[in-house]
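Sequences are here, hints too, so could you generate the full structure?
Protein sequence lines correspond, in order, to chains A and B.
Heads up: the first sequence at position 136 corresponds to 136 in our numbering, and the numbers run straight through without jumps.
Offset between the second sequence (1-based) and our numbering: plus 1000.
Among the hints, a few may not be true.
What the simulated footprint calls covered on chain A by chain B, stretch by stretch (three residues with Cβ under 8 Å from a Cβ of chain B suffice, anywhere in the stretch; the number is not a length) [as the list claims (entries may be wrong)]: (1) 46 to 56; (2) 75 to 86; (3) 92 to 99.
Here are some, though not all, of the chain A residues that point toward chain B, as calculated from beta-carbon distances under 8 Å [unchecked claim]: (4) Ala71; (5) Arg102; (6) Ala142.
Rather than coming from a laboratory, the hints here were simulated on the basis of the structure.
Note that the structure is a prediction, hence the values are computed from the model and not measured.
The beta carbon of each residue, even a glycine, is placed where N, CA and C say it ideally should be.
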Amino acid sequence: MSIKIESLSKRIRGVDVLKDISLNIASGQVVGLAGPNGSGKTMLMRCIAGLISPTSGQIEINGGILGRDFAFPPSIGLLIEGPAFLSGRSGVENLRLLASIREIASEEEIRDVIEAVGLDPSDKRPVRKYSLGMKQRLGIAAAVVERPDIVILDEPTNALDAAGIKMAKRVVAEQKKRGAEVVLSCHDAQVLHEMVDEVYYFAEGHMDGHETLNNVGGPNA
Amino acid sequence: MTMLRFLRADVRESARVLAPVALIAFVLFVGIDAVLWLKCVRFIQMGKDATAPTFGDCFAALYGGALNSALNDNERISLPMSWVAVMAVVLYAPLSYPYSNLMGFGKQLIAQGNSRWQWWVAKCLWVALCTGAMALIALLSAFLVSSLAGGELTLRTQGNLPGLLGLNGRAFLEETAPIGSFVVQAEMCLLSLCLAQLALSLVLRPLPAFVLVIGMVSLSIFYFGFPFVGELCMWARTSLAVNAGVNPLAGIGTSAVLAATSVVLGGLYFSKMDILDKELVA
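Next up, the structure:
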């Protein structure tokens, strides 16, 4: 699986939110997007996820063009714009409903992933009674429960404590290890650098440089 | 298959959202039919021509509407408030769930399902189920009140129904016909309006879409013909009840065309629509 973004631009209501973005993501690579609020990180993630279509340019996923050959990447997990769940249902019920669409993840895998993010699979409380940190953990679990080829994590460490951040790093390392492409953003530069192979810097919708690291799966993870 | 899974998820999740609206609808419908029953009792006591309300009377009372009185006529038009309330509650029921689903958890479901069209068709089917449920509530309310009142469980309406509904006009037929085909026409029209509202809610967001549709429906009291299709939900405008009224077959056909147009145009729009968060949509 590879993602090739070519000259991607997006204009919304007269504003260029993405300007001529080009980047490649190889299989098993973790890419970080850094930049201030409104710099285009989340917008690029939305484009990769197929939620919005570019004004110009294209996204090629495994040789197919997103929006032309398929509406969404064939195998994708999302945590974007904050975790959104059915507030009246428990964490397990939410993941069960999500997994019911493709029927890939088993009940055991659902419970395992909930445990892996530090939640209790037997917790019957509805999600509306979860703390922000617990919702964030559940959001990470939802993104990876079906072991997708592409994982999009928009600010995965938001609202997480130190243990939660460690968990997020571990989950990202696991995704890399199994060969998934992970695209994530994080406002904490240090945490971001500890999680990714490559960082792309964004400013006002355009790419403002990039940096190659290569530390995921290492001791920090 | 994915579409059915979307629909299954929608039915499961929306039940909690719809339950209070269904309860309100039931109370409203029974209330309107109970008022008809009381009027029948009063008419009988006054020695006027009336019987206990039939099943047909009770259903027609919910969708009575207003006579075909043009604004330039000198006739005084009384607003059919109960009809507007019935329209509003039926249109409101399927209003917010699809959009809120799209802005929240549904975003993940669409990506998992990998098809915008299947998600859209599932939402259209969900709206059809929702409208069907409201139709069942209307039929149940009519059955309940006519049974309690000791009225006949027939689709026929009594001769003085226009008078009982406050629809005094010369246009009514000497003998109104059974309302079977009107039931289908009214429910088809409501379905088409709900589907049009669903499509508009993607473009405008739910509340403005509701205001626009209920506004057009309410204007049907005064104006006739397309796009004021609200009259297809009015018993007082059907050829079963009045001279030169809307033929039920034509009403069903018009509703089917509007429904199909809404599904196709809404789907085409949604297939290209940017799925943004609420702040960006605003």
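Non-conforming hints, listed in increasing numerical order: Of the numbered hints given earlier, the structure breaks none, since each of them holds.
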